[in-house]
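Here are the chains, one letter per residue:
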Amino acid sequence: MADSQLLTDVRALVGREYGRVYAWDEVNAPMIRQWCEIMGVDNPLYTDPAFAATSVQDGLVAPPAMLQVWCMEGFHLNNYAPGSTTENPYEVLKLIESYGYASVVAVNSELTFERNLRPGEKLYYTTRLDSVGDEKTTGLGTGFFVTLVMNYFVEHKSGDEAVGQLLFRVFKFRPANNHTPQEAPTKVEAAPAVKRPKPGMSDDTRFFWEGCDAGKLLIQRCTQCQTLRHPPAPVCIECHSFDWDSVQASGRASLYSFVIMHYPEVAPFDHPNPIGLIELEEGVRLVAGLTGVKRDELSIGQPLQLEFQTFDGELTLPMFRPVVE
Amino acid sequence: MTLQNTKRFDDVRPGETLPELAIPITVGLVTGGAIATRDYFPGHHDLNAAQALGSPHIFMNILTTNGLVQRYVEEWAGPEARFASLKIKLGAPNYPGDSMTFNGAVTGLDAATRTVEITLSGKNSMGNHVTGTVALVLP
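Residue numbers (UniProt numbering), protein chains in the order written: chain R, 1 to 325; chain X, 1 to 139.
None of these hints come from the bench; they were simulated from the model.
This structure is a prediction, so every number in the text was calculated from the model and none was measured.
Be aware that a few hints might be false.
[Said to hold, decoys possible] Estimated spans, in silico, between C-beta atoms of each pair:
(1) R:P303 to X:E16: 30 to 36 Å
(2) R:Q302 to X:A52: 32 to 38 Å
(3) X:G28 to R:E155: 31 to 37 Å
(4) R:T227 to X:A52: 53 to 59 Å
(5) R:D270 to X:T113: 48 to 54 Å
(6) X:G108 to R:P231: 42 to 48 Å
(7) R:F75 to X:V27: 17 to 23 Å
Ideal placement from N, C-alpha and C gives every residue a C-beta, glycine not left out.
With these hints in hand, go ahead and build the complete structure from the sequences.
Structure (structure tokens):
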């Protein structure tokens, strides 16, 4: 549960407007050309005055996605152009962070454009803290969605003109896999360590898991026609007999196929998480974790050896390790 | 690109798909994109700083993603399409060595304002780096 003082302090900031942040430079051709070059944008409306003059734009314009670029502070942190506010539009993030929500990730960027900008125009923006959501838990952790709205203006002698807007949403959170106790002002109980999910067990599959506990990889065998089958099932896939027993696999196997799970990162599994489709020398295949492998050393057909590993002191699983030849 | 290449609103059909575009993610694109958007956050150009943040490599900044989304839609729509909005949701980071493939389709047409809505995704080896919508006003 979120601290009630935090919620009160955060809610008090919602709706607050922050002062102007000015552009260092007016909208200009060199920055536009370099931006187009790196992005691979080849629209001559941005870089070719002769072409642009014949277009509906009647002259050069700036790429719309550059809207934010003009007012960035540049190399020196928080070194905004002269005349800019000294207020920190992101103060709400610091406030939330002081309650132990250390991480931040950008979620949404929504630009809207009233019109295209032209070289020579000078911009500034103001910021409004639009909203802070209720405490939420996502795959990343627990925290708050914070939405800021920046309104961009072009300065004119006759009055400033709104030219665009950025809605920017971040998730300010306490990571899910962070087991170190937080030094927060409130009591925070350390989250229990995440355990491996246990397999569902039925009368058809119990022999397999009990075999694992005993250090044996057992494969189902039809006692009528001797066909091996995996995963376990009540009926023979060949002769439809319900009668079966099991045989212990030798543990010698080869890599039939594999996948490396990079994303999302799920506790408590290794990251990245290598998973193999294993062909046992008895002829059946099973899906199992790979251990002691490097991605660039995996190859289809390579020999593997069974190895049982016990997780959380209670769950024994068959894993497969490359055979060193 | 020539002016004649600009799509006419009347020629766009609902559900029409945009040509796929694959963009190699390189150190040059990530760092160059960050600098071209005046974003000097160390995680976008300094490998050690990025790794200290828990990332395997430097990662693309949002403003570069916006630029690439503009490029993808603009290459289809032509030079005189006017961007009314560019709204994105961010997902898996873009790290050098990866590749991001854009796909998109026309998901909305408003004849009164001659506005076309494109829904798109940019996918890398870990999943969607970016998903979003772009609204364009066409001649």
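Against the structure, the hints come out as follows:
1. R:P303 to X:E16: 30 to 36 Å: 51 Å, violated
2. R:Q302 to X:A52: 32 to 38 Å: Holds, since Q302 of chain R and A52 of chain X (Cβ atoms, about 36 Å apart) stay within the stated range.
3. X:G28 to R:E155: 31 to 37 Å: 35 Å, holds
4. R:T227 to X:A52: 53 to 59 Å: Given a distance of about 56 Å, which is inside 53 to 59 Å, the answer is holds.
5. R:D270 to X:T113: 48 to 54 Å: The hint (48 to 54 Å, Cβ to Cβ) holds, given that D270 of chain R and T113 of chain X are roughly 52 Å apart.
6. X:G108 to R:P231: 42 to 48 Å: About 45 Å separates the Cβ atoms of G108 of chain X and P231 of chain R, which means 42 to 48 Å holds.
7. R:F75 to X:V27: 17 to 23 Å: Roughly 19 Å apart at Cβ, these two residues keep to the hinted range, so it holds.
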